[in-house]
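Chains F and Z supply the protein sequences, listed in that same order. Each residue of the first sequence is one higher than the last, beginning at 8 in this note's numbering. Each residue of the second sequence is one higher than the last, beginning at 8 in this note's numbering.
Hints in this document: simulated from the structure, not taken from any laboratory. Glycine residues also receive a C-beta, built at the ideal position from the N, C-alpha and C atoms. Mixed in with the good hints, there may be bad ones.
[Unchecked claim] Away from chain Z, derived, C-beta distances all over 10 Å, residues of chain F:
hint, residue
1, A126
2, G158
3, L164
4, A165
5, E174
6, A182
[Stated by the list, open to error] Here chain Z is said to cover these stretches of chain F; the calculated rule only asks that three of the stretch's residues, wherever they fall, bring their Cβ under 8 Å from a Cβ of chain Z:
hint, segment
7, 108-119
8, 130-144
9, 149-156
[Stated by the list, open to error] Here are some, though not all, of the chain F residues that point toward chain Z, as calculated from beta-carbon distances under 8 Å:
hint, residue
10, K50
11, V79
12, A80
13, M166
14, V171
15, V181
2 protein chains.
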Amino acid sequence: MTRTGRRPGEAGTRDKILAAARSHFTDVGFDGATIRGIAAAAKVDPKLILHYFESKEGIFVAAVDFPFDPAVAIPPLLAPGLDGLGSRLVRFFLETWESPAGSPMLALIRSVVSSERAATLLRGFVTREVLARLARILELDQPHLRATLVGSQLVGLAMLRYVVKVEPLASAPVARVAAWIGPTLQRYLTDPAATRSEGRPRKRTVKT
Amino acid sequence: MTRTGRRPGEAGTRDKILAAARSHFTDVGFDGATIRGIAAAAKVDPKLILHYFESKEGIFVAAVDFPFDPAVAIPPLLAPGLDGLGSRLVRFFLETWESPAGSPMLALIRSVVSSERAATLLRGFVTREVLARLARILELDQPHLRATLVGSQLVGLAMLRYVVKVEPLASAPVARVAAWIGPTLQRYLTDPAATRSEGRPRKRTVKT
Numbered sequence: 008m009t010r011t012g013r014r015p016g017e018a019g020t021r022d023k024i025l026a027a028a029r030s031h032f033t034d035v036g037f038d039g040a041t042i043r044g045i046a047a048a049a050k051v052d053p054k055l056i057l058h059y060f061e062s063k064e065g066i067f068v069a070a071v072d073f074p075f076d077p078a079v080a081i082p083p084l085l086a087p088g089l090d091g092l093g094s095r096l097v098r099f100f101l102e103t104w105e106s107p108a109g110s111p112m113l114a115l116i117r118s119v120v121s122s123e124r125a126a127t128l129l130r131g132f133v134t135r136e137v138l139a140r141l142a143r144i145l146e147l148d149q150p151h152l153r154a155t156l157v158g159s160q161l162v163g164l165a166m167l168r169y170v171v172k173v174e175p176l177a178s179a180p181v182a183r184v185a186a187w188i189g190p191t192l193q194r195y196l197t198d199p200a201a202t203r204s205e206g207r208p209r210k211r212t213v214k215t
Numbered sequence: 008m009t010r011t012g013r014r015p016g017e018a019g020t021r022d023k024i025l026a027a028a029r030s031h032f033t034d035v036g037f038d039g040a041t042i043r044g045i046a047a048a049a050k051v052d053p054k055l056i057l058h059y060f061e062s063k064e065g066i067f068v069a070a071v072d073f074p075f076d077p078a079v080a081i082p083p084l085l086a087p088g089l090d091g092l093g094s095r096l097v098r099f100f101l102e103t104w105e106s107p108a109g110s111p112m113l114a115l116i117r118s119v120v121s122s123e124r125a126a127t128l129l130r131g132f133v134t135r136e137v138l139a140r141l142a143r144i145l146e147l148d149q150p151h152l153r154a155t156l157v158g159s160q161l162v163g164l165a166m167l168r169y170v171v172k173v174e175p176l177a178s179a180p181v182a183r184v185a186a187w188i189g190p191t192l193q194r195y196l197t198d199p200a201a202t203r204s205e206g207r208p209r210k211r212t213v214k215t
C-alpha cells in the first residue's frame, strides 16, 4: 500500500474508474472511447474522471499502464528542434523502457501480439497521441509516414533488445545504441528523400 | 491428406521425427540440439533424419514452420553483391511473409513474445543461420552487429505492418516499403560509420 495522502475511498473510486475505462477502451477502441462513456460505465460524474486523469489520454495511460503520457513527455523531446532528435528519441525510448515505469511494456507487447483488439486499441492511441504529436512538428512532406517509420525501427529495437535478446543489442549501453540507431530515425524525420517511392529522385528529365 | 507419392508409413515417420525435433529443440535450444539427439528421441536412425531434412537447419525449418531455409534462400540474395542489398532484403522479407510459406510467421512471433524458451530457440537459429550467414559476406567491421541492426528494422517493420497494422506501412506496396526501408538496411550493412559508438569519427587529434 502506498501512502498518497488521498482521502479514504478515493483509491476505490479511482480503481472503479480504471476498470470501467479498460473495458470501455477494449469495446470501442481508443478513437471511439469518450470520457462520458467511461463515466457511464463507472457510474460516476465525468468531471470526477477529468479531476483524476485530466484527459482521455491520461486515463488511457493509467488504464493500460502505458509508461509515459505523450502529452507530458514528447514536447520536451521536440523542444530543442530537429537537430539530434533521432538520438534523443532512441535514448528516451530505451531509458523509459528500462525505468520502473517501463516494466509493463513487455506485457503490453504480449497483449498486442496475441490479441487483435489490443492491437487496434494501442494503434489508435499511438497513432493519435504519439505519432501525430511527432508528425506535427516535422517540416517535410508525409510527416505521418515519417513518424511511422520511426516507430517501426523503435519497436524492432525493443523486440531484439528486450524480447529475443540478441547480442550485441541486448546488452549495449543506451548511448551506444543511440549512436547506432539515432541516424536512422534522423533520416526518417528530416531527409527529404526518405519518403520517396523510388530509389531515385522523382523528377526526371522529359525527352522532347 | 496430400498425395506426395511417398510410401505408406513414410508420412508417419516424418511426423514422428518432427514431433521429437520440436521437443528436443525446445529442451536444449538450437545450438545445443543435435541430429543424434533428435534421432534418439524419435527412435530412428540419424541417417533417416538426414535423408528427410538434410541438416539441422533443415529439420528446424520444418519443425517450427520457419518460412524459408536460410541455406537455400540467402545466397541468391547476396550473390549480386552489396549494391542494392538493403532493398533486396526488404523485398525478400515482405514477399516471403506475404506468401503461403509466410502464414506461420505470426504464430512464430506470438510464441517468441510469450515464451522465453521459444525466444531463446529462435535467437539461436536466427543468429547462427541467418545473421551469421549475412555477416560473413560483409566487408566492414562488426558484421554481426550490422546484421543484428538489419534484423531490428525488419522485425519492427513486420510488427507495424502485420501485427499492429499502422498505416501507411500496413497497406503500402512492397516496392514502396523497400524504397523507404532499404536505405536504412544499406547503411547498416555498408556504411563504415554506422557501427561507431559516437556520432563523430573515432579518431581524434591528440594534443601534443
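Structure-based check of each hint:
1. A Cβ of chain Z approaches the Cβ of A126(F) within 10 Å, the least distance being about 5 Å, so the stated non-interface status is violated.
2. Distance check for G158(F) against chain Z: the nearest CB is about 6 Å away, which does not clear 10 Å, and the non-interface claim fails.
3. Look at L164(F): its CB is around 5 Å from the nearest CB on chain Z, not clear of 10 Å, so calling it non-interface is violated.
4. Distance to chain Z contradicts A165(F) as a non-interface residue, since its nearest Cβ pair spans about 8 Å, not more than 10 Å.
5. Annotated as non-interface, E174(F) brings its C-beta within 10 Å of a C-beta of chain Z; the closest such distance is 8 Å.
6. At roughly 8 Å from the closest C-beta of chain Z, the C-beta of A182(F) falls inside 10 Å, breaking its exclusion from the interface.
7. Three residues within the 8 Å Cβ limit are the bar, and the segment 108-119 of chain F against chain Z gives 3, so the coverage statement holds.
8. Counting residues of the segment 130-144 of chain F whose beta-carbon sits less than 8 Å from any beta-carbon of chain Z gives 4, enough to reach three: the coverage restraint holds.
9. Chain Z is given as covering the segment 149-156 of chain F, and this holds because 4 residues of the stretch bring a CB closer than 8 Å to a CB of that chain, at least three being needed.
10. Below 8 Å, beta-carbon pairs count as interface contacts, and K50(F) has none with chain Z, the closest being about 33 Å; its hint is therefore violated.
11. Given the 8 Å rule on beta carbons, the hint for V79(F) is violated: about 23 Å separates it from the nearest Cβ of chain Z.
12. Annotation: A80(F) was flagged as interfacial toward chain Z, and the flag is violated, the nearest CB pair being 20 Å apart, outside 8 Å.
13. For M166(F), the shortest C-beta to C-beta distance to chain Z is roughly 5 Å, which falls under 8 Å, so the interface hint holds.
14. Satisfaction of the interface hint for V171(F) is found here, the shortest Cβ-Cβ separation to chain Z being roughly 5 Å, below the 8 Å cut-off.
15. Because the smallest distance between the Cβ of V181(F) and any Cβ of chain Z comes to about 12 Å, over 8 Å, the interface hint for this residue is violated.
Of the numbered hints listed earlier, those contradicted by the structure are 1, 2, 3, 4, 5, 6, 10, 11, 12, 15.
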